[in-house]
Amino acid sequence: MLLSVYNLVKYFPVARSFIERLFGEKRYVKAVDGISFEIGKAEIFSLVGESGSGKTTTGKLILRLIEPTSGKIVFDGVDITHIRGEKLREMRRHMQVIYQDPYASLNPRMRVGDAIRDPLEVHGIARGEEAKSIVLEMLEKVGLTPPEDFYRAYPRSLSGGQRQRVAIARAMITKPKLVVADEPVSMIDVSLRASILDLMLKFRDEIGLSYLFITHDLAVAKYISDRIAIMYLGKIVEMGDKKEIFSNPLHPYTKALMSAIPVPIPGRRRERIKLSGEIPSPIDVPSGCRFHPRCPSKMDICSEKEPELLEVSKGHFIACHLLA
Amino acid sequence: MLKEIRSAGVDGLMIIIGLIIVISVTFMAVFSEYIAPYDPITPVGGAVEPPSSKFIMGTDSIGRDVFSRVVFGSRTIMFVVLLSTAMSMLIGIPLGILSGYAGGLLDRALSLVMDSIYAFPGLILAIAIAAMLGPGVYNTAVSLAVVYIPTYFRMVRGQVLSLREQLFVEAARAIGARGSRIMFKYIFPNLIYIIAVVFSLNVADAILTEAGLSFLGLSVVSPTPDWGFDLKNGQRYFLSGIWWPVVFPGVMIILLALGFGFLGEGLNAIMGREER
Amino acid sequence: MLKVEDLAVHYIGRKTVRALEEVSIEVKKGEIMGVVGESGSGKTTLGLSILKLLPPNGRIVNGRIYLDDLDITSMTEEKMREIRGKQISMVFQDPMTSLDPLMSIGDQITETITTHEKIPKREAEEKALSLLEAVGISGDRFKDFPHQLSGGMRQRVMIAMALSLNPKLIVADEPTTALDVIVQDQIMDLFRSLRERFGVAFMFISHDLSLELEVADRIAVMYGGWLMELSESNKIAEDPLSPYTKELLAAIPNIELEDQKLRFIPGNPPDLSNPPSGCRFHPRCPSKMDICSEKEPPISNIGGRVVRCWLYGG
Chain B
1 MLLSVYNLVK
11 YFPVARSFIE
21 RLFGEKRYVK
31 AVDGISFEIG
41 KAEIFSLVGE
51 SGSGKTTTGK
61 LILRLIEPTS
71 GKIVFDGVDI
81 THIRGEKLRE
91 MRRHMQVIYQ
101 DPYASLNPRM
111 RVGDAIRDPL
121 EVHGIARGEE
131 AKSIVLEMLE
141 KVGLTPPEDF
151 YRAYPRSLSG
161 GQRQRVAIAR
171 AMITKPKLVV
181 ADEPVSMIDV
191 SLRASILDLM
201 LKFRDEIGLS
211 YLFITHDLAV
221 AKYISDRIAI
231 MYLGKIVEMG
241 DKKEIFSNPL
251 HPYTKALMSA
261 IPVPIPGRRR
271 ERIKLSGEIP
281 SPIDVPSGCR
291 FHPRCPSKMD
301 ICSEKEPELL
311 EVSKGHFIAC
321 HLLA
Chain Y
1001 MLKEIRSAGV
1011 DGLMIIIGLI
1021 IVISVTFMAV
1031 FSEYIAPYDP
1041 ITPVGGAVEP
1051 PSSKFIMGTD
1061 SIGRDVFSRV
1071 VFGSRTIMFV
1081 VLLSTAMSML
1091 IGIPLGILSG
1101 YAGGLLDRAL
1111 SLVMDSIYAF
1121 PGLILAIAIA
1131 AMLGPGVYNT
1141 AVSLAVVYIP
1151 TYFRMVRGQV
1161 LSLREQLFVE
1171 AARAIGARGS
1181 RIMFKYIFPN
1191 LIYIIAVVFS
1201 LNVADAILTE
1211 AGLSFLGLSV
1221 VSPTPDWGFD
1231 LKNGQRYFLS
1241 GIWWPVVFPG
1251 VMIILLALGF
1261 GFLGEGLNAI
1271 MGREER
Chain G
2001 MLKVEDLAVH
2011 YIGRKTVRAL
2021 EEVSIEVKKG
2031 EIMGVVGESG
2041 SGKTTLGLSI
2051 LKLLPPNGRI
2061 VNGRIYLDDL
2071 DITSMTEEKM
2081 REIRGKQISM
2091 VFQDPMTSLD
2101 PLMSIGDQIT
2111 ETITTHEKIP
2121 KREAEEKALS
2131 LLEAVGISGD
2141 RFKDFPHQLS
2151 GGMRQRVMIA
2161 MALSLNPKLI
2171 VADEPTTALD
2181 VIVQDQIMDL
2191 FRSLRERFGV
2201 AFMFISHDLS
2211 LELEVADRIA
2221 VMYGGWLMEL
2231 SESNKIAEDP
2241 LSPYTKELLA
2251 AIPNIELEDQ
2261 KLRFIPGNPP
2271 DLSNPPSGCR
2281 FHPRCPSKMD
2291 ICSEKEPPIS
2301 NIGGRVVRCW
2311 LYGG
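Chains as they are written, first to last, in the working numbering: chain B, 1 to 324; chain Y, 1001 to 1276; chain G, 2001 to 2314.
Derived by calculation from the structure, the hints in this document are not laboratory data. There could be a bad hint or two in this list.
Lysine to any residue pairs mimicking SDA-like chemistry, simulated, CA-CA at most 25 Å apart [what the hints assert, rightly or not]:
1) K60(B) to K1185(Y)
2) K87(B) to S1180(Y)
3) K2079(G) to G2063(G)
4) K2261(G) to R204(B)
5) K274(B) to R2192(G)
Please put together the full structure from these sequences, using the hints given.
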């Protein structure tokens, strides 16, 4: 396994007023509340959830941009949960990131060529002319041609799709083993998304790298993933092979999500599983199963006891009392 | 850059006027020997002679040519102000970047020191330091430098605090870049504009402070030509209708300060537009 | 009810951006008209133009906008204020910035009503209450403040405010983009029920063609400031006329398909300060012919369906 995550937890303390500090209890945003999963070599693992599900926080935890509250992360055989300094920097050579916003993730005062080249210099892989030629090759690979022109350009003269290609080039230049992609196509025009997704797939095929693909869009997850995990309010509620999950969704939330996604077929109103209300705040998490206030199949036990994530068939995990 | 200035309307006009003034005075300062008709420290005519074809700005109380003193005075003031500004920037900017990026105890300690200095009105503080150090061009530069270090520190620190939260800085961390690399390659280049703006406005202020110091006799040693100094000497004749020893240096002080001020304001407005 | 005729809007500046050109759309009473487009398509500009809310550098340089028979194209701001809210209102993407954080939601709706209609406050409050219920927010939240509400509920409040003066048309620009899929579904149901109950028409602007296909009666497909196709929704999906529409449909990931061959359109959206010659889509069009790069295609009408493409024109 390339990446193994055990009971990962991240709580953020909630800022409190003076009075609250004197009299109130400590409160936390329970962004990620005990999740476990694994990603294999050359595998694309999608973490799917709405905002507030904790998927983005999970990405930042894996990247070690923030420190876990508890739990363990093992990357390529090394326990990276609390590493710092040089060891952390070394890890970064093998784990890279692609962000959602192509406009904000590039330094406006750095030329495209310099931005892509930076990781090479940071990790001592190449410098000078050698680095430049590697970057030019990479620019060709991501479809930014003629490469010399793009090498000199500043991000402000590029379109959103082009900037995202630069971000991808920058992530791939050190030949990482794992890339965390946080909503990489959400801000890209629909007509261009497939080109970015295909580019990401191409790198997987060529370098054998894995992706932690974070998205709210189940349809995109279906297109690109090998395995999927669905998150709700800080927990994984269902996880398994892509084909299995889509042909046989078991968790009520998964089923509701799938039925709510619009499909390009006119006037089509599939059997909608209607959920009432909205995702509660991660500060006040419902008791027992977090989903119970909205669940159409709710039973008594659901508000009392939290369901465990159990394997119900080969590779298919679900956290729900209906199937316990 | 030029294209942006031209299309910026009023703000562009401000920058152009500012540039014209600043460049002209700089020219005057550099080529004083060639522009001034007379030696500025030797009496060359009668006392307080009015402006004429011989002395286009008249003479001062000792018979020195006002015009020549104005011309050489530009050198004095530009030198003092630019030297002090260079010192302020060399200390204030790196400390501001470090403090803003590192945060924590270092930031709180430095901010405390800087805020304390900043709390003093500039001229008062300059007077205090100048009085301690004594007169002279270099001492004056040091007094001004101390007064303005907090200005650069605060501006830069504030900008760094907001830059630090930007996604591309987090991306740089994710690449594995060290703090020093991030400060140098990712944060500093995004400060250039604001430094240019603060520089211009700050120099405008420094000019007035220097003039204030020399007016009080605390900066340069006589007979060094200095606008503020000449202002002080000339003022006692003003009410008798002898205006030229006062007005010409006085106008120059205002003009140069305005020049830098326009430059700074114009750059500030353009910077607002650039950030898109 | 709303008629946009041959509208052209430019953003004046260092480089003038030709954001909309020759756009003609009609919205019938009680209709849900979908306007779909990607970045630079001009869809937001269209919405703003109808409400005369263009930024200072935006100008209507050609064309007319009619509300029933009233020409509102060159109407003064004063007169427009009568129209806005009362006859046409708007719902934006981000409800947090459109709601006053210091006023309760009930009071905000009440105030919207009393500003425009001379009715006693008690009556206005009752009306506000019934509007909240109509959008699915229970009455006991009347005194809640925006920050106490979730994103979806805030958007419902925006919709209630948009409805408060019984407008004929609500222009909604990406109203659900910031919301999750389940809430989005709820809001779409809301649009449909409001249309049933109040007879209000919607101009629903979005980048999400699947969503439009589910909820809109007719859809206008925009690209690079042009109207490329306008048809009934079922026809657009079954039998798209414009090559752009075809490519766009093929680029949408369909959750019901297995092993979908997801397509994309090579190239980039056009630079509207310097648009391509001839047809604005030609550099990226798989059906491009010689004439497409030379002359602008005319707008054709084929059995009630509008399309702008040389495959059908001339």
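(message) Going through the numbered hints above, which ones does this structure break? Give me the numbers in ascending order.
(response) No hint contradicted; all consistent.
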